[in-house]
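*Asks:* Use these hints to put chain B onto chain A, whose structure you have.
Top line first, the protein sequences correspond to chains A and B.
First residue of the first sequence: 32, per my numbering; consecutive thereafter.
First residue of the second sequence: 32, per my numbering; consecutive thereafter.
In short, the hints are calculated from the structure, not lab data.
Certain hints may be false.
Heads up, the list lumps identical chains together, so a pair's fine if it works in one copy or across two of them.
Distance condition first, Cα-Cα at most 25 Å in a straight line; then the derived PhoX-like pairs of lysine-lysine [unchecked claim]:
#1 Lys-346 / Lys-120
#2 Lys-376 / Lys-120
#3 Lys-193 / Lys-379
#4 Lys-360 / Lys-416
#5 Lys-119 / Lys-346
#6 Lys-120 / Lys-373
#7 Lys-376 / Lys-119
#8 Lys-119 / Lys-373
#9 Lys-109 / Lys-193
#10 Lys-109 / Lys-120
#11 Lys-460 / Lys-434
#12 Lys-182 / Lys-339
#13 Lys-376 / Lys-193
#14 Lys-119 / Lys-109
#15 Lys-379 / Lys-120
#16 Lys-119 / Lys-379
#17 Lys-120 / Lys-229
#18 Lys-265 / Lys-470
There are 2 protein chains.
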Amino acid sequence: MSETNKVEKKQKEAKQPKANNNNTASKSKTELLGAGVKKEEDFSEWYTNVITRSEMIDYYDISGCYILRPWAFSIWEKIQSFFDSEIKKLGVQNAYFPLLVSEKALNTEKDHISGFSPEVAWVTRSGDSNLAEPVAIRPTSETVMYPSYAKWIRSHRDLPLKLNQWVNVVRWEFKRPVPFLRTREFLWQEGHTAFSSKEEADVEVYQILELYKRVYEELLAVPMVKGMKTENEKFAGGLYTTTIEGFIPTNGRGIQAATSHCLGQNFSKMFNIEYENAEGGKSLAWQNSWGLTTRTIGVMVMVHGDDKGLVLPPKIAPIQVVIIPLTFKDVDSTPVREAAQKIAKQLKEQGIAVHVDDRDNYNPGFKFNHWELKGVPIRMEIGPKDLAKDAVVICRRDNGEKKFDIPISTITTTVTQTLDDIQAALLQKAVNERNNKIKTIKEWAEFVPTLNTNSLVLAPWCNVPACEDAIKKTSGEESKNVAEEEKGFCLTGAAKSLCIPFVDQEHIKIPQITEETKCFKCGAHAQKYTLFGRSY
Amino acid sequence: MSETNKVEKKQKEAKQPKANNNNTASKSKTELLGAGVKKEEDFSEWYTNVITRSEMIDYYDISGCYILRPWAFSIWEKIQSFFDSEIKKLGVQNAYFPLLVSEKALNTEKDHISGFSPEVAWVTRSGDSNLAEPVAIRPTSETVMYPSYAKWIRSHRDLPLKLNQWVNVVRWEFKRPVPFLRTREFLWQEGHTAFSSKEEADVEVYQILELYKRVYEELLAVPMVKGMKTENEKFAGGLYTTTIEGFIPTNGRGIQAATSHCLGQNFSKMFNIEYENAEGGKSLAWQNSWGLTTRTIGVMVMVHGDDKGLVLPPKIAPIQVVIIPLTFKDVDSTPVREAAQKIAKQLKEQGIAVHVDDRDNYNPGFKFNHWELKGVPIRMEIGPKDLAKDAVVICRRDNGEKKFDIPISTITTTVTQTLDDIQAALLQKAVNERNNKIKTIKEWAEFVPTLNTNSLVLAPWCNVPACEDAIKKTSGEESKNVAEEEKGFCLTGAAKSLCIPFVDQEHIKIPQITEETKCFKCGAHAQKYTLFGRSY
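Pulled out of the complex, with its shape left as it was, chain A reads as follows (with noise of 0.2 Å):
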């Protein structure tokens, strides 16, 4: 038997750590195994185990409320830091504005208030004192900003006007929370941007929509169909939405994944964002805005993670590889740590994140667990036979694959491609998943039967909003499938519109209407080929 499989064998067989570690002592052994459940048999229970086991996650004493742990955090900061220099070069600047905002300025945009008032934090007091007036947490800060705007941009020379800010908003919903997806408070960046013309931002808007669908496919793998929102789905005062949408395998659900707006002029209105134009006269400003938040995270565990716990694309993963020395009784175990040293030094200089697990009261099969648990792309081994031989073992976490005898000599370039090649797989993989469960249907009566087997339906749609209604209405009626929403995932059988696919997309084709094409709800023309689904 080789050295790794010896390891294997006791990964197989007990993956009690040596330590007596209260924190897992009390567990069995199978809850200390991987995610402790099947993700396919429950995947409510596997995604808060898999999250919380893999400290990305922990849980707070207000409900919907969440703690990032460095694990995930790391993440954010590299989507923060690829997004945040891709729009330096749109020429966006950051800037901060308040958390709190006034009654007044929340309510001055009546369809968009509407459309976020129930979910309103509002703080009424400080310390034991009443506040005269109460002032609301942002729930998002058009309503913040604009007025600003209104005193800012006064000739069309101060447009285009082009501001994010990362912060966090609080939107206090009543939906069983979820995590990353569905969270009271959430970090995101919002973009508000003002322009002189609409064909300004009109460009502007699909070229953030294209960054966001470059966050998720560059970075978490994970494909998106980018489309635009039907009225119904459209944010609230806005002109018109467009979105990047994601899909969860295991359920079948769809996932809003990110939205870039345009205002069109309805806020520059209502703030009174007008200015005097090249000719002299006035002019409302044309306006987007546009939000990527911290659901990126867990929409990117549920895409990847399997059994074990999460997978990590390794562009994005905190540690990219680790380097686990074998040692063995009654064998001198500081070649092999050094060996594993000078690897890891080498790897480092070259830009790769690596870490050695060369802790002496962890046996390698709790580390293999641990890494994998925490989903870090490649593990290297190295023991006694392999450093005799100048080589090390890599292990891919996203296949399982293992490489024998890969020289250290060439370890930098193996890495490196290796990577590459996980990064690549992941998102070959999940495209392939996806395009398998994107069904063109054209009759009503193949729709909620195609939901049930965890697919989306692109269907050729009348695009009038009253049939969306009718579509929700009915599939809620004629759906079975409330299984999740009973494990806690709060989903409802009913299904909605997720996007009007564009037709120029990347990893699936979308079909195109004819003239004869009929709404396969309403029998009425049909407008575009849309995608519905169960959704988060």
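*Replies:* Same frame as chain A, now just chain B:
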């Protein structure tokens, strides 16, 4: 008259933009120039004018909350970038804990909460419904984080635990707010660390304090006095507080610039942060917490600004060099504009933040004022005659010094050197101003008269809390100088201890007591020379 002199004449004459700018059209010429009032004549109005006209700050419809515009926020980003990378070298990881805290958690440590409770903002409603239990907005996060620390820290192997977060906090003060310095919401980082020994905690307290000092001295060019807070002034609930204290020469006020606290075992006792030590017994963790806020920016503005507006140290200036092409009627401006762009490109390649102001709707004089108001360290002028000599003119914002005939061929070297010179000169000037205004006294009779020369006082002191109470009370009674308060800066005439300075300091010599030295107030045996002052 040289080109430059002509422009300067224009600059002095009338600085109206050519364009009809609504923002400024109604203001008189005087108001338009620089800060509008002299720094020494009305410091309060000067400060307000400088931070608003330079577009650092805008006012907001909730009292005590301000908008940080890009010109200010980008300075905060530079401070973040420096400090964040330094603490990561110390093994600190970033995380995010919730904004809201339950009443139960908030009240766990009695001394702590009594220090904060009058300022706590309470959320009592969401939408139209009252919350079952009100929740507080964090004034600081000890009580938010430490219940989790109790869960996470089980074994000595879990220590040290070093977390930090960059967040907003709310303290609903009723003292008159001052943008950056005293605001109801502010941005900060708060580090919270736990160790198995007091020795390790002590070491970190001072490491962090040194980093805070470097933020002020190396980035912001503002000198600090490092020291220990007295019992009266230390952090509520902590063991001891170290501090760096700044000085505002214009009004002679001290200002607490940042603090690094050793919390001892008070919080670990109250929150039950107990772990199994290496010997198998139980121990309480030793804890620190430390914070640096956006106050940094306000202190820098007050120290360096002048009658023309902001003066920004090069290391934090959003724009380090502004290039202004000098164009003249009937002269083709193309060569000058092209030369400006070419120089800009060359400087950018060396990492210098450069901007070419080639707006054609403003004259050079207006532009000079504009960029002086915004504090850009170097102005570079290039006109046809300069270009004919392959040279430019450089003007330093800090001292107004102009250098003519700087060869374009060596421009990168000249600019780099000049930026370094400005950075060093600003710190040296601030050190001199401060040191001239820190006066050593030995008798109470000198105390208030010395304060009244806009100075701080170094005096031998007994380090007894009751004596400090007496100093505060008596100095308040004896003080006549409440002029600043009436101007809206909310400074009382009373003085308090700022810190007990460490003996070993850069830039300032702290006298040492002998066995015979008596407390300047009560005549008891003196413990240490202590820094007193009126303060923010």
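*Asks:* Which earlier hints turn out false for this structure, listed by number in ascending order?
*Replies:* Those not satisfied: there are none.
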